[in-house]
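Taken in sequence, the protein lines are chains F and S.
Residue numbers are given in the working numbering: position 420 of the first sequence equals residue 420, and the series is strictly consecutive.
Residue numbers are given in the working numbering: position 356 of the second sequence equals residue 356, and the series is strictly consecutive.
I should point out that these hints are in silico values taken from the structure, not numbers from a laboratory.
The C-beta atom is built at its ideal place from N, Cα and C for all residues, glycine as well.
Just so you know, not all the hints are guaranteed correct.
Stated by the list, open to error - Below, a sample of chain F positions facing chain S; criterion: calculated Cβ distance under 7 Å:
id: 1; residue: Ile258
id: 2; residue: Gly323
id: 3; residue: Val374
id: 4; residue: Ser385
id: 5; residue: Leu414
What the hints assert, rightly or not - Quick partial rundown of chain S residues pointing at chain F, CB under 8 Å, derived from the structure:
id: 6; residue: Gly27
id: 7; residue: Ala30
id: 8; residue: Ala36
id: 9; residue: Leu46
id: 10; residue: Gly49
id: 11; residue: Ser58
id: 12; residue: Pro65
id: 13; residue: Asp67
To be verified - A few chain S residues that don't get close to chain F, going by computed Cβ distances all over 10 Å:
id: 14; residue: Leu39
id: 15; residue: Asp60
id: 16; residue: Asp336
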Amino acid sequence: MTAAASVLGPGRLRPRPRNRELGLLLVVAGTLGAGSISLAATWSAGGAVPTSPGSVFADPVALAAYLGALFIAHAAFVLSGRRTDQILLPTVGLLGGISLLLMERLPQNLVGGLGLGRNQLLWLVASIALMAVIGSVVRSDAWLRLYKYTWAALGVALLLLTFVFGHDVNGQRLALSIGPLTGQPSELLKVILVVFLAGYLSENRPLLMDESTRLGPLRLPPLPYLAPMVVMWAMALSVVVVQGDLGAALLFFAVFLILLYVATARASYVAFGIVAFVAGGFVLYQLVPHVRVRVDIWLDPFAQASGSGYQVVQALHAFARGGILGTGLGAGLPAVGRLPPGGIPALHTDFPFAALGEELGLVGIMGILGLYLVVIERGLRVAASAADDYRAILAAGLSLVIGVQAFIIAAGNLKLIPLTGITLPFISYGGSSLLANGVVMGLLIALSDRGVEPPRARGARPNGVPAGKGSRA
Amino acid sequence: MTDVVGSGARGGTASANRSAGPGRRPGIGAALSRVAVALTVAFAGLAAGAGYWQVARSSDLSSSPDDAAVIAASRHIVRGEISDRDGVRLAWTEKDPNGEPLRRYASPALSGVVGYASPVFGSAGLERAYQAELTGITPPDPVQDLVRKFRANPSDPQAMQTTLVAKLQEAAVAALGKDRGAVVMLDPRTGDVLAMASTPVFDASALASPDTASATMTALQADPAKPLLPRPTQGRYVPGSVFKIVTAIAGLGSGAISPDTTFPEQPAAEKTGLLVSGFRVTDGHHSATGSRAHDFVAATEVSCNIWYALAGLRTGGDALVSWAAKLGFGEPIPFDLPTASSQVTGGGGSFGGGFSDAVELANAAYGQAETVVTPLEMALVAGTVADDGVLMRPHLVRSFSGRGGTTTVAPETWRRVIPPGLAREISAAMQQAVNGPLGRRYTTGAQVAGLTVAGKSGTAELGGTGEPDSWFIGFAPAGDAAVAIAVVVEQGGRGAERAAPIAGQLLAAWKAWAGQ
Numbered sequence: 001m002t003a004a005a006s007v008l009g010p011g012r013l014r015p016r017p018r019n020r021e022l023g024l025l026l027v028v029a030g031t032l033g034a035g036s037i038s039l040a041a042t043w044s045a046g047g048a049v050p051t052s053p054g055s056v057f058a059d060p061v062a063l064a065a066y067l068g069a070l071f072i073a074h075a076a077f078v079l080s081g082r083r084t085d086q087i088l089l090p091t092v093g094l095l096g097g098i099s100l101l102l103m104e105r106l107p108q109n110l111v112g113g114l115g116l117g118r119n120q121l122l123w124l125v126a127s128i129a130l131m132a133v134i135g136s137v138v139r140s141d142a143w144l145r146l147y148k149y150t151w152a153a154l155g156v157a158l159l160l161l162t163f164v165f166g167h168d169v170n171g172q173r174l175a176l177s178i179g180p181l182t183g184q185p186s187e188l189l190k191v192i193l194v195v196f197l198a199g200y201l202s203e204n205r206p207l208l209m210d211e212s213t214r215l216g217p218l219r220l221p222p223l224p225y226l227a228p229m230v231v232m233w234a235m236a237l238s239v240v241v242v243q244g245d246l247g248a249a250l251l252f253f254a255v256f257l258i259l260l261y262v263a264t265a266r267a268s269y270v271a272f273g274i275v276a277f278v279a280g281g282f283v284l285y286q287l288v289p290h291v292r293v294r295v296d297i298w299l300d301p302f303a304q305a306s307g308s309g310y311q312v313v314q315a316l317h318a319f320a321r322g323g324i325l326g327t328g329l330g331a332g333l334p335a336v337g338r339l340p341p342g343g344i345p346a347l348h349t350d351f352p353f354a355a356l357g358e359e360l361g362l363v364g365i366m367g368i369l370g371l372y373l374v375v376i377e378r379g380l381r382v383a384a385s386a387a388d389d390y391r392a393i394l395a396a397g398l399s400l401v402i403g404v405q406a407f408i409i410a411a412g413n414l415k416l417i418p419l420t421g422i423t424l425p426f427i428s429y430g431g432s433s434l435l436a437n438g439v440v441m442g443l444l445i446a447l448s449d450r451g452v453e454p455p456r457a458r459g460a461r462p463n464g465v466p467a468g469k470g471s472r473a
Numbered sequence: 001m002t003d004v005v006g007s008g009a010r011g012g013t014a015s016a017n018r019s020a021g022p023g024r025r026p027g028i029g030a031a032l033s034r035v036a037v038a039l040t041v042a043f044a045g046l047a048a049g050a051g052y053w054q055v056a057r058s059s060d061l062s063s064s065p066d067d068a069a070v071i072a073a074s075r076h077i078v079r080g081e082i083s084d085r086d087g088v089r090l091a092w093t094e095k096d097p098n099g100e101p102l103r104r105y106a107s108p109a110l111s112g113v114v115g116y117a118s119p120v121f122g123s124a125g126l127e128r129a130y131q132a133e134l135t136g137i138t139p140p141d142p143v144q145d146l147v148r149k150f151r152a153n154p155s156d157p158q159a160m161q162t163t164l165v166a167k168l169q170e171a172a173v174a175a176l177g178k179d180r181g182a183v184v185m186l187d188p189r190t191g192d193v194l195a196m197a198s199t200p201v202f203d204a205s206a207l208a209s210p211d212t213a214s215a216t217m218t219a220l221q222a223d224p225a226k227p228l229l230p231r232p233t234q235g236r237y238v239p240g241s242v243f244k245i246v247t248a249i250a251g252l253g254s255g256a257i258s259p260d261t262t263f264p265e266q267p268a269a270e271k272t273g274l275l276v277s278g279f280r281v282t283d284g285h286h287s288a289t290g291s292r293a294h295d296f297v298a299a300t301e302v303s304c305n306i307w308y309a310l311a312g313l314r315t316g317g318d319a320l321v322s323w324a325a326k327l328g329f330g331e332p333i334p335f336d337l338p339t340a341s342s343q344v345t346g347g348g349g350s351f352g353g354g355f356s357d358a359v360e361l362a363n364a365a366y367g368q369a370e371t372v373v374t375p376l377e378m379a380l381v382a383g384t385v386a387d388d389g390v391l392m393r394p395h396l397v398r399s400f401s402g403r404g405g406t407t408t409v410a411p412e413t414w415r416r417v418i419p420p421g422l423a424r425e426i427s428a429a430m431q432q433a434v435n436g437p438l439g440r441r442y443t444t445g446a447q448v449a450g451l452t453v454a455g456k457s458g459t460a461e462l463g464g465t466g467e468p469d470s471w472f473i474g475f476a477p478a479g480d481a482a483v484a485i486a487v488v489v490e491q492g493g494r495g496a497e498r499a500a501p502i503a504g505q506l507l508a509a510w511k512a513w514a515g516q
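Given only the sequences and the hints, what does the whole structure look like? Please build it.
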């Protein structure tokens, strides 16, 4: 009972209005409504059988359900009476709504169950529910902070499970099935990683900023404290080698390096990490065929336009067809699965950005990139105003996993970096990704509450250095 | 990714950050702002990347024949008609019994240039090059492109009028007869291509019909005469003596030779051959010209290999290659259809211009050695002389018409190659080659009653025992040329025997068409 109370905090209800959030959600509702009308108009002009005859909306039931979930989340935040961030929910809500419209618009038989659109609706609603519950209920971070090595152990276990029991999706060991449930463990892993890193880095900050070891021109902290960096590096590379999952490896390592920089303000770490990553990448390029194929496609996809470069070339054509204003929702050509012509394989998971580039144009792409930037900047603002190091690094890490992941897949779609198979947060189809990102956003909203003091860790000094290790600092 | 981390790393020293941050958490605030800036820059990079593909490369990629939307449209959209410059229909679309569009073509004579649009084998020729316009996926005008988004039916197939003259094309194919070869006729003043024939021909309608497409394609691909090869643009031939006009342009243009240039060693070399670095350049057919030292006009009239070899050596490899480049050698010609490059030398040699030695240069100067050309390129060479030294960019399309009106393709000057005075000197030599007392022996067939023809024949030795390729390039009426022509007949024998009479026949047909 006491544990629950410390997580949930005092149970009195003191509603506090959130007018900015409400106003922005109304804008989101209007935007999605307009998008839905536009999609329905395109369908009827193209002679398609409408999902809901007699309605001006493409799928009014799904739209209403989704908007309902957003407003219920808003109501939950109001009822919780907390002074949490009011921008994040509408921002994520708009991204998810765009995803809903896109999935309604793609061929529904790409997945089983209720079809692409309705499946995605369910996952979106679940994701928003998680965000709302975590954002309104979680008042203490002690359960994350105190058990960081437990979380780390869980993460390693998850990784090992995937190595051993995971099954391959398109040549990458991405999926793990437990009983009837199938998921992408890397999505959960990224949350665990951030939770662990926040604990580790905040605890060891002074030591990591120490410069007692000299290695040539490099001034490094005591060598034992470099161990986690080496472990992270090895983990990222092993994820590539064993799972063939370039995207997750890139995401983990990038988030780790940026958080290391946030914690220590030492640019040399980042430089060192990049050199190590590039060196590792070079070796992998020589040794792992999967990596070599990806890099070669990236360097010149048009050389193999009908072979291995097909996916990337079709995506670039989709961007080109979109131009500045786009073809309009539903009027593009991402006929997935029907090849040829024009289908981008795995469009709903790996290339939604290209499909949106075609249908919403450069203007739409700019808008979507802007929404991710809002998430990043709000998250970093939460970090900057956090009450202590742990919360600062945790909040920064949570916003980074969303922002960096969006960057990696968008840049891959645009041929700025080699393509990797990770999801575009809140837009790609898929339950694991949506649920994990829902947890991330829920935690970020909870952390943005400035009214709650962080707990005093047992034996911790005010500056965050644990008593046991202080003497070595 | 490096961008994000790299920019984040652009911090000051740790100690500076310590003093910058709030007292209790040194550094984190400053580091966070740097991370925020770095990520903003990274996302700006994404926006720039999207801008590159969606603006800079948009029309290029989205109207490419490989674009999925273009291919999809080509299957169900009723393509625009293709017509010749007089309005004769060359290609149009009918509905088959199932209501599916079915492309029909006026004549196999035009298939080499118009190409085909087949539901089974994709497309070729103009059908492929202008797939986007013919299917209406991308109107040629960006303003219309914006407006069309707001239409219920955004596709606006364009009708395309070509610069071709169906009659001349038919005449060219008929003149080539059973031989393999190519004819290019163009208007040197505008670059309008009037005829572009390739033999043997094939039946595009049979490729466009789903019932016959597969069998037809199998037979065409198995045919050793390669009917699917677009010879005027992609056939690469040894030019023989027609290349002397290129040498003349390079020599006169660079100032290395003048119309009065004579070579004292030439008369003696007629009998024994010209010794160049131990190799003898011989000239077999000049017994009639005796021991005179020729000037430029005489050498061109009798097609003197020795004189041209010496002229080439004096011009030098560098100048010959660079002047040929002005005529379009060394790169694919910018044209409506894909073109192969013509070359003066295979390159890579240490002698000037990439020649391996003086012998190769001497032989290239009269069109043998490693020199290979496309018929289109040689028509442009003739056209440049005809148009007072100005090379017009060749083109095949006059206009597109759709709902949004008609877009006309304007003639475009590609390059000024030589001054008008020099062009007239070369023109005079080419007139002499057709009409002079000695030139006549080789090119009588090219003469047309009531039309002054200027030209040059060529006999391209291929090595081995086969017959040489037969060439003729020229233009008419000399002095005020309105048509330039290049004819090549594969293994047709001497230029005079096969190519020159075909040119004469076609220039007569042109005269009848143009009403001259």
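Verification of the hints:
Interface hint at Ile258 of chain F: satisfied, since its Cβ lies 6 Å from the closest Cβ of chain S, which is below the 7 Å cut-off. Nearest Cβ of chain S to the Cβ of Gly323 of chain F: about 5 Å, under the 7 Å cut. The hint holds. Nearest Cβ of chain S to the Cβ of Val374 of chain F: about 11 Å, over the 7 Å cut. The hint is violated. Contact between Ser385 of chain F and chain S, as hinted, is not supported at the beta carbon level, the nearest pair being about 9 Å apart and thus beyond 7 Å.
Taking 7 Å as the C-beta contact cut-off toward chain S, the hint placing Leu414 of chain F at the interface holds, the least distance being around 4 Å. Annotation: Gly27 of chain S was flagged as interfacial toward chain F, and the flag holds, the nearest CB pair being 4 Å apart, inside 8 Å. Restraint check, Ala30 of chain S versus chain F: the minimum CB separation of about 7 Å is within 8 Å; hint holds. For Ala36 of chain S, the interface hint holds, since its Cβ comes within 8 Å of a Cβ in chain F; the closest pair sits about 5 Å apart.
Look at Leu46 of chain S: its Cβ gets to within about 5 Å of chain F, closer than 8 Å, so that hint holds up. Contact between Gly49 of chain S and chain F, as hinted, is supported at the beta carbon level, the nearest pair being about 4 Å apart and thus within 8 Å. Restraint check, Ser58 of chain S versus chain F: the minimum CB separation of about 5 Å is within 8 Å; hint holds. Taken as an interface hint, Pro65 of chain S does not check out: its beta carbon lies about 11 Å from the nearest beta carbon of chain F, beyond 8 Å.
The beta carbon of Asp67 of chain S comes within 5 Å of a beta carbon in chain F, closer than 8 Å, and the hint placing it at the interface holds. With a cut of 10 Å on Cβ distances, Leu39 of chain S falls inside the contact zone with chain F, its closest approach being about 5 Å. At the 10 Å boundary, the C-beta of Asp60 of chain S falls inside the reach of chain F, the nearest C-beta of that chain being 7 Å off. A cut-off of 10 Å between C-beta atoms confirms that Asp336 of chain S is not in contact with chain F; the least separation is 21 Å.
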